[in-house]
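J.: Each chain is listed here by its residues.
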Amino acid sequence: MGREDGRDAAASEGPPGRRQSGLAGFAAGVRDAFVVGLAVGAYGTVLGAIAASKGIGPAELALMSMTVLAGSSQFVAVDLWATPVPVAEIVAAVMIVNLRYMLICASLHPLFLGMPLLRKAACVHFVTDENWALTMAAIRRGGGGVAHLVGGGAVIFVFWVGGGLAGLVFGDVLPPPEAIGLDFAVTAVFLCLLRGFWGGARADLLPWAVAAGAAVAASLLLPGKWYILAGALSGTVVAALGAGAQGRAGGEARDAA
Amino acid sequence: MRLDPATLAAILGMAAVTYALRLSGLLLADRLPRGGRWGRALESLSGTVLMAIVAPAVTGLGWVGLLAAGATLFALHLSRNVLAAMAVGAATVAAARQIGLA
Numbered sequence: 001m002g003r004e005d006g007r008d009a010a011a012s013e014g015p016p017g018r019r020q021s022g023l024a025g026f027a028a029g030v031r032d033a034f035v036v037g038l039a040v041g042a043y044g045t046v047l048g049a050i051a052a053s054k055g056i057g058p059a060e061l062a063l064m065s066m067t068v069l070a071g072s073s074q075f076v077a078v079d080l081w082a083t084p085v086p087v088a089e090i091v092a093a094v095m096i097v098n099l100r101y102m103l104i105c106a107s108l109h110p111l112f113l114g115m116p117l118l119r120k121a122a123c124v125h126f127v128t129d130e131n132w133a134l135t136m137a138a139i140r141r142g143g144g145g146v147a148h149l150v151g152g153g154a155v156i157f158v159f160w161v162g163g164g165l166a167g168l169v170f171g172d173v174l175p176p177p178e179a180i181g182l183d184f185a186v187t188a189v190f191l192c193l194l195r196g197f198w199g200g201a202r203a204d205l206l207p208w209a210v211a212a213g214a215a216v217a218a219s220l221l222l223p224g225k226w227y228i229l230a231g232a233l234s235g236t237v238v239a240a241l242g243a244g245a246q247g248r249a250g251g252e253a254r255d256a257a
Numbered sequence: 001m002r003l004d005p006a007t008l009a010a011i012l013g014m015a016a017v018t019y020a021l022r023l024s025g026l027l028l029a030d031r032l033p034r035g036g037r038w039g040r041a042l043e044s045l046s047g048t049v050l051m052a053i054v055a056p057a058v059t060g061l062g063w064v065g066l067l068a069a070g071a072t073l074f075a076l077h078l079s080r081n082v083l084a085a086m087a088v089g090a091a092t093v094a095a096a097r098q099i100g101l102a
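Chains A and B, in that order, are what the protein sequence lines are.
The working numbering numbers the first residue of the first sequence as 1 and each following residue consecutively.
The working numbering numbers the first residue of the second sequence as 1 and each following residue consecutively.
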């Protein structure tokens with residue numbers, strides 16, 4: 001994921017969805033996501049170890065990881081697991097944790113413009129926090145696209161499912177990821193990507209400060225993962241109300257509201 | 001092996017709500033106006049969502065989190081390489097734990 005890989009001139013032409021299409025885009029997505037995938041796999045082993053302690057079998061865990069493909073919500077679900085299985089409670093908790101995917105996938109819509117509904121429906125399953133952020137970063141560099149997104153998603157998918165199964169089988173012998181700081185690894189990558197998203201103080205300072213402040217406050221005050229939604233929505237409302245408008249649109253020349 | 005019906009129901013329920021959230025976000029955004037306030041809101045989402053994930057993750061680790069975040073960004077500034085910065089950030093947290101700071 002070096003910053004220096006220059007994307008070719010084709011990046012600036014054609015509709016957004018074609019920025020980096022086909023196999024080349026997919027391969028770039030795989031490459032960009034590989035090391036982050038290792039960290040995701042390490043966390044998968046933790047999930048697997050917890051799942052084993054709850055009596056969840058390999059087929060069940062693999063099915064869950066493949067069909068849900070959303071890490072933190074699966075930790076919450078496995079934590080709630082009991083006999084008999086509290087189905088409604090688990091599904092409701094997962095929904096709350098994953099509400100942010102509405103925002104994440106909404107932010108991806110320019111990539112999918114003009115794509116047939118069935119392909120949209122197939123690709124959107126492979127959106128996770130990690131490959132979404134990587135693809136948004138690639139777009140900033142002039143690359144990215146749906147193929148890149150799906151390539152990254154495929155890597156996360158393989159590591160997440162594989163890590164979970166490894167943890168289920170070998171959970172007792174694996175070292176805890178915290179020992180080598182792996183719990184911070186994905187946060188560190190997100191920080192770097194966020195640095196790349198910075199569009200200048202006039203556009204982003206206030207929305208980002210509000211998002212950070214609201215998220216931290218909500219993480220202290222509210223249970224579970226509501227803080228992601230609280231922070232993101234607060235910051236986005238500030239951006240929509242125009243705090244960021246001057247910076248992006250250049251003063252008077254902003255869109256007619 | 002056979003799957004227990006309640007287990008299967010829970011897994012499929014989890015999958016269905018998660019998939020519905022992903023698809024509805026994408027399809028709803030298609031229907032929103034591209035300019036004006038909605039456009040600015042959609043455009044701001046990548047920054048604000050990521051910030052809302054990252055900020056509590058950093059502050060949740062206390063001073064060590066802030067130190068590691070600073071070290072990560074400094075390493076990014078020097079190396080221009082996300083993976084090197086990631087390694088520095090993770091190593092900072094691991095080292096702080098080794099010496100009992102976290």
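Hints are computed from structural coordinates only; laboratory data are not their basis.
Quick reminder that beta carbons are idealized off the backbone N, C-alpha and C, glycines included.
Watch out, some of these pointers could steer you wrong.
Label-pair restraints from in silico Cβ distances [what the hints assert, rightly or not]: (1) B:Gly35 to A:Ile96: 51 to 61 Å; (2) B:Gln98 to A:Pro86: 13 to 23 Å; (3) B:Leu32 to A:Ile96: 17 to 27 Å; (4) A:Asp79 to B:Leu3: 14 to 24 Å; (5) A:Leu117 to B:Gln98: 51 to 61 Å; (6) A:Gly196 to B:Leu3: 21 to 31 Å; (7) B:Phe74 to A:Ala179: 20 to 30 Å; (8) B:Arg80 to A:Pro223: 32 to 42 Å; (9) B:Ala9 to A:Leu23: 14 to 24 Å; (10) A:Ala24 to B:Phe74: 14 to 24 Å; (11) A:Leu174 to B:Gly60: 48 to 58 Å; (12) B:Leu101 to A:Pro86: 32 to 42 Å.
J.: State for each hint whether it applies.
T.: Structure-based check of all given hints:
At roughly 32 Å, the beta carbons of Gly35 of chain B and Ile96 of chain A sit outside the given window of 51 to 61 Å. A hinted range of 13 to 23 Å for the beta carbons of Gln98 of chain B and Pro86 of chain A is inconsistent with their spacing of about 39 Å. A hinted range of 17 to 27 Å for the beta carbons of Leu32 of chain B and Ile96 of chain A is consistent with their spacing of about 23 Å. Taken as a hint, the range 14 to 24 Å holds for the pair Asp79 of chain A and Leu3 of chain B, whose Cβ atoms sit roughly 20 Å apart.
Taken as a hint, the range 51 to 61 Å holds for the pair Leu117 of chain A and Gln98 of chain B, whose Cβ atoms sit roughly 52 Å apart. As the Cβ distance of Gly196 of chain A to Leu3 of chain B is approximately 43 Å, the hint placing it in 21 to 31 Å is violated. Checking the proposed 20 to 30 Å range against Phe74 of chain B and Ala179 of chain A shows it holds: the Cβ atoms sit about 24 Å from each other. For Arg80 of chain B and Pro223 of chain A, the hinted distance range of 32 to 42 Å is satisfied, since their beta carbons lie about 40 Å from each other.
Ala9 of chain B and Leu23 of chain A have their C-beta atoms about 39 Å apart, which leaves the hinted 14 to 24 Å range violated. In this structure the supplied range 14 to 24 Å is violated for Ala24 of chain A paired with Phe74 of chain B, their Cβ-Cβ distance being about 33 Å. For the pair Leu174 of chain A and Gly60 of chain B, the beta carbons lie near 23 Å from each other, so the given range of 48 to 58 Å is not met. Distance hint check: the CB atoms of Leu101 of chain B and Pro86 of chain A are about 38 Å apart, consistent with the given range 32 to 42 Å.
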